[in-house]
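Enquirer: As given, the protein sequences belong to chains A and B, one line each in that order.
In terms of my numbering, the first sequence opens at residue 1 and continues consecutively.
In terms of my numbering, the second sequence opens at residue 1001 and continues consecutively.
Hints may contain errors.
[As the list claims (entries may be wrong)] In silico negatives: residues of chain A with every beta carbon more than 10 Å from chain B:
#1 Lys69
#2 Pro79
#3 Asp85
#4 Ala92
#5 Thr102
[Stated by the list, open to error] Examples of chain B residues toward chain A, derived with CB under 8 Å:
#6 Gly1028
#7 Ala1038
#8 Pro1043
#9 Gln1048
#10 Gly1058
#11 Phe1060
#12 Pro1061
#13 Phe1069
#14 Pro1070
#15 Ser1073
#16 Ala1080
#17 Thr1101
#18 Gln1107
#19 Thr1112
No wet-lab data here; the hints were simulated from the structure.
No residue lacks a Cβ here, since even glycine has one placed at the ideal position from N, Cα and C.
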Amino acid sequence: AQSVTQLDSQVPVFEEAPVELRCNYSSSVSVYLFWYVQYPNQGLQLLLKYLSGSTLVKGINGFEAEFNKSQTSFHLRKPSVHISDTAEYFCAVSGGSNYKLTFGKGTLLTVNP
Amino acid sequence: ETGVTQSPTHLIKTRGQQVTLRCSSQSGHNTVSWYQQALGQGPQFIFQYYREEENGRGNFPPRFSGLQFPNYSSELNVNALELDDSALYLCASAVSGWMNTEAFFGQGTRLTVV
Chain A
1 AQSVTQLDSQ VPVFEEAPVE LRCNYSSSVS VYLFWYVQYP NQGLQLLLKY
51 LSGSTLVKGI NGFEAEFNKS QTSFHLRKPS VHISDTAEYF CAVSGGSNYK
101 LTFGKGTLLT VNP
Chain B
1001 ETGVTQSPTH LIKTRGQQVT LRCSSQSGHN TVSWYQQALG QGPQFIFQYY
1051 REEENGRGNF PPRFSGLQFP NYSSELNVNA LELDDSALYL CASAVSGWMN
1101 TEAFFGQGTR LTVV
C-alpha cells in the first residue's frame, strides 16, 4: 500500500517570498511522484512529476521539487511566489503495477500582498 | 486546459436518489478513472475502466458503478445517495498503461446531496 502525508494543511506567505510545501510518502515499491495544483472550483492541473533520472524536477509556473529517496520526501519549492499561486496543492504517488494515484490531503497556499 | 470534459458541473440531489455523471475523455485516450474529492480532502480513487471493462477499484461500495462506451466516454453512477456522497467527482483519462504517469483531469462535477 502507498500513502502520502502533506505536513502542512495551510501555508501563508507574502508575495515574492520563497515557499516550500512538504510531502512525505510511503511505498513498498519504486514510486512515481507528482504535484498537482487545484484552483478554486477547478480540476487538477499537473505541476510536475518525478518518474526516474534526475532527482530535481522542474515544472510549470517556476515550481520545482526534489525527490529524496532516503527521506521518502518530495518537497515542492518556488523561489518567489505571486498572488496568482494561491491555490490548493496536492502531492500524489503511484508505482509498480499500481495504476492509481494516491493523493495527500492537500496544502492550501495563500499568497498575501 | 485538458481535453477531458465533465457534465454537469454542479448537481443537487436528494438522499436516496440515483445520479449519473458523465465524462468525455481526451482524444486518443482509452482509459478513464474516477476520483471522489470530499471537502478538505485529497481525491480518492473510485475505479478505472479500460476498453469498456472495469479493471481496478478502490474502497467504494457497489452502489458506485460505472460504464465506458466504445468512444471511450464514461459514466459514473451512484445509487441510494447518502449525505456523505457530497463531493467533487473528478474524471481522468490516459492512454492505456499511462494512467499513473500521464493522466489528465477534467474540471469535475460538484455533487451536493441534501
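Enquirer: Give a verdict on every hint.
Expert: Checked hints:
1. Lys69: Holds, because the least Cβ-Cβ distance between Lys69 of chain A and chain B comes to about 18 Å, which exceeds 10 Å.
2. Pro79: 26 Å, holds
3. Asp85: 19 Å, holds
4. Ala92: The claim is violated: Ala92 of chain A sits with its nearest Cβ about 8 Å from chain B, within 10 Å.
5. Thr102: 7 Å, violated
6. Gly1028: Result: violated, 17 Å to nearest chain A Cβ.
7. Ala1038: Violated: closest Cβ of chain A sits about 10 Å from Ala1038 of chain B, beyond 8 Å.
8. Pro1043: Holds: closest Cβ of chain A sits about 5 Å from Pro1043 of chain B, inside 8 Å.
9. Gln1048: With a minimum Cβ separation of about 6 Å from chain A (threshold 8 Å), the hint on Gln1048 of chain B holds.
10. Gly1058: At 7 Å from the nearest chain A Cβ, Gly1058 of chain B passes the 8 Å test, so the hint holds.
11. Phe1060: 12 Å, violated
12. Pro1061: Nearest chain A Cβ about 17 Å off; hint violated.
13. Phe1069: Cβ of Phe1069 of chain B sits 20 Å from chain A, so the hint is violated.
14. Pro1070: This hint is violated: Pro1070 of chain B lies away from chain A, its Cβ roughly 21 Å from the closest one there, beyond 8 Å.
15. Ser1073: 17 Å, violated
16. Ala1080: Where the cut-off is 8 Å and the nearest Cβ of chain A is about 25 Å from Ala1080 of chain B, the hint is violated.
17. Thr1101: Since the shortest Cβ distance to chain A is 6 Å, the answer is holds.
18. Gln1107: 4 Å, holds
19. Thr1112: 13 Å, violated
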